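A.B. asks: The listed protein sequences derive, respectively, from chains A and B. Under the numbering used here, the first residue of the first sequence carries the number 1, and numbering increases by one thereafter. Under the numbering used here, the first residue of the second sequence carries the number 1001, and numbering increases by one thereafter.
The set of hints was computed from the structure by calculation and includes no laboratory data. On a predicted model such as this, the values are computed, not experimentally measured, just so you know. There's no promise every hint is true.
Said to hold, decoys possible - Cβ pair distances, simulated, as ranges:
hint	chain 1	residue 1	chain 2	residue 2	range
1	A	225	B	1023	50 to 56 Å
2	A	129	B	1094	44 to 50 Å
3	A	5	B	1023	54 to 60 Å
Unchecked claim - Chain B stretches covered by chain A per the calculated footprint, using a threshold of three residues with CB under 8 Å from any CB of chain A:
hint	segment
4	1018-1024
5	1042-1048
6	1067-1075
7	1079-1092
Stated by the list, open to error - Here are some of the chain A residues that sit facing chain B, going by a computed Cβ distance under 7 Å:
hint	residue
8	241
9	246
10	247
11	249
12	254
13	295
14	298
15	299
16	301
17	302
18	398
19	399
20	401
21	414
22	415
C-beta: ideal position from N, C-alpha, C; glycine also.
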Amino acid sequence: MRFSALRVIKEALTGHKGWQPLWRNPDPQPAYDFVIVGGGGHGLATAYYLSTTFRKARIAVLEKGWLGQGNIGRNTTIIRSNYLLPGNQPFYEFSMKLWEGLEQAFNFNAMVSQRGIVNLFHSDGQRDAYRRRGNAVLLSGADAELLDRDQLRAMIPFLNFDNTRFPIKGGLSQRRAGTARHDGVAWGYARGADLAGVDLIQNCEVTGFRIAQGRVLGVETSRGYIGAGKVGVAVAGMTSQVMAKAGLRLPIESHVLQAFVSEGLKPVIPGVITFGAGHFYISQSDKGGLVFGGDIDGYNSYAQRGNLAVIEDVAEGGMALMPMIGRARLLRIWGGIMDMSMDGSPIIDRTPVEGLYLNAGWCYGGFKATPASGYAFAHLLATDTPHDTARAFRLDRFAKGHVIDEKGAGAQPNLH
Amino acid sequence: MLIPHPLLGPRDAVEFTYLGDASLLARPDGLAEGADAAFHDYVYLRDNPAGVHRELWYHEQGDRSWLVVTRNTVTHEILGAELARDVALAMRGAK
Ligand SMILES: Cc1cc2nc3c(=O)[nH]c(=O)nc-3n(C[C@H](O)[C@H](O)[C@H](O)COP(=O)(O)OP(=O)(O)OC[C@H]3O[C@@H](n4cnc5c(N)ncnc54)[C@H](O)[C@@H]3O)c2cc1C
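Please put together the full structure from these sequences, using the hints given.
C.D. replies: This is how it looks when you write it as structure tokens:
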């Protein structure tokens, strides 16, 4: 079933009887060439690129609940490629390029919208830091633009430019950044992978690994043993738990991040605005809801819900930045569990167990990475060599001293 | 979350800052054989349990003491709190 405008019109005229489920619901086979653990954005994208770009093979994605129940369905949908460090930026720009062609590639409306991002600054020191970051972004071939206060006033006049503590002096903008429909991304990749023959197996929790002579043979699951040539794990917040089953202890802590959505309002916020100094960022969904958030709660958590103190902090940040937000009513709040790595950057690598591969450490920024993460992980699984843009995401970089610490915060996940 | 401070009674968790796993109290010997590997594990690797976790909280907006708080990471239930000093001294005594 292909989606097209013609198809929509035809279905509208014939009572919408021709729409079919987007993917099959198969039972697990006894064995696969590749088993991907975790049916979130990264697992599904990995299966999609593995099956469509790299290898014709028997591939399965094992998901303990339903597809997209994790962070892919819980994030605030910001996509951007404005990182500072050479280990990160080419990867995120590769991801942005994939976003730009994604909907045509997998024939699904993921509502990718390049509505731009502005990171606000409030002091000379911050302006210098953002100018440096902008230059690094330009050198990588992506776009960045330093905007002054007057340009911002013309774009987003409703901000409180004269906040006493954090007066707005300007912002670093990336016009190609924006948002996408998070569920749509999961569904698009799932459908694309299913069409290419991947078995998407839901309600199938991986509970252990069968390992002999240092090599993985398959996975134990709630639906029985499944043999595997290679196993790729992409389980976000559950990474430490799952990899402990293979005897690994990782440079990761699990933390909760909360997100907020207001009632639907008329269009008011043109793109994404981040107010780092005030722990607040915001955009507006196509449905009209203000989508916003702040910092992680800051303590280890697997609870998928946060505490009131951070809700208060985010609300205060919003009021400081754009006082009119006090008029909007909050509709929903939720939390997701993130795999916070020790340097704030991801891991896409082999592990000491042969045939077992790891995709993790995405912190609160893995949504934008979904296409490139899937592509690079598929590349690694298929060829046993890292993708060009993901060479720095090594598991052993902490031992070797090659950490990728964008914020310079050190080995403390709640500061990244 | 309310933290039962051993000296001050129940205190709101927002008065504290969080450092992480209380195993950080067991700093390796920098002069021992294999110190590099021991420090890599100490600085970067974590058990990250889903369930009971012993962790370091600093009472920054209060009496500036370090506590070892025992908390369930799945439910956020706080099971107890001790002065980190007492825990560290007990560890040294046990050696
Ligand atoms: C509130 C919030 C806001 C965010 N905002 C942004 C943003 O604006 N921009 C951005 O770039 N990123 C953002 N992120 C981060 C981003 O959502 C994540 O980094 C990314 O989604 C993680 O990858 P994933 O999609 O594969 O994870 P998930 O969707 O969590 O996928 C992991 C899957 O593994 C499954 N699983 C776990 N254990 C097992 C097991 N034992 N067996 C089988 N399956 C298992 C889970 O059920 C889950 O479905 C945000 C995150 C949160 C929580």
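A.B. asks: Hints first: check each against the structure and report whether it holds.
C.D. replies: Checked hints:
A beta carbon spacing of about 34 Å between residue 225/A and residue 1023/B contradicts the range 50 to 56 Å that was offered as a hint. Taken as a hint, the range 44 to 50 Å holds for the pair residue 129/A and residue 1094/B, whose Cβ atoms sit roughly 47 Å apart. For residue 5/A and residue 1023/B, the hinted distance range of 54 to 60 Å is satisfied, since their beta carbons lie about 59 Å from each other. Three residues within the 8 Å Cβ limit are the bar, and the segment 1018-1024 of chain B against chain A gives 4, so the coverage statement holds.
Given a C-beta distance limit of less than 8 Å, the hint that chain A covers the segment 1042-1048 of chain B holds, as 6 residues qualify and 3 suffice. Counting residues of the segment 1067-1075 of chain B whose beta carbon lies closer than 8 Å to any beta carbon of chain A gives 4, which meets the minimum of three for the stated coverage. Coverage of the segment 1079-1092 of chain B by chain A is violated. Counting CB-CB distances below 8 Å, 0 residues qualify, and the rule asks for three or more. Because the smallest distance between the Cβ of residue 241/A and any Cβ of chain B comes to about 6 Å, under 7 Å, the interface hint for this residue holds.
Hint status for residue 246/A relative to chain B: violated, with the closest Cβ pair at about 15 Å, above 7 Å. Residue-level restraint check for residue 247/A is violated (minimum Cβ-Cβ distance to chain B is 13 Å; threshold 7 Å). Contact between residue 249/A and chain B, as hinted, is supported at the beta carbon level, the nearest pair being about 5 Å apart and thus within 7 Å. Checking residue 254/A against chain B: minimum C-beta separation of about 6 Å stays under 7 Å; hint holds.
Against a cut-off of 7 Å between C-beta atoms, the interface hint on residue 295/A is violated, since the closest Cβ of chain B lies about 12 Å away. Interface restraint check: residue 298/A against chain B, minimum CB-CB distance 5 Å, threshold 7 Å, status holds. Interface hint status for residue 299/A: upheld, as the beta-carbon distance to the closest one in chain B is roughly 5 Å, under 7 Å. The beta carbon of residue 301/A is positioned within 7 Å of a beta carbon in chain B (closest approach about 5 Å), and the interface hint is therefore held.
Hint status for residue 302/A relative to chain B: holds, with the closest Cβ pair at about 4 Å, below 7 Å. The interface hint given for residue 398/A is met, as the beta carbon of that residue sits about 4 Å from the closest beta carbon of chain B, less than 7 Å. Interface restraint check for residue 399/A: the shortest CB-CB distance to chain B comes to about 5 Å, inside 7 Å, so the restraint holds. The criterion of a C-beta within 7 Å of any C-beta in chain B is not met by residue 401/A, whose closest approach is roughly 10 Å, and the hint is violated.
Against a cut-off of 7 Å between C-beta atoms, the interface hint on residue 414/A holds, since the closest Cβ of chain B lies about 6 Å away. Taking 7 Å as the C-beta cut-off, the interface hint given for residue 415/A is violated, the closest approach to chain B being about 10 Å.
Checked against the numbered hints given earlier, this structure breaks hints 1, 7, 9, 10, 13, 20 and 22; the rest are met.
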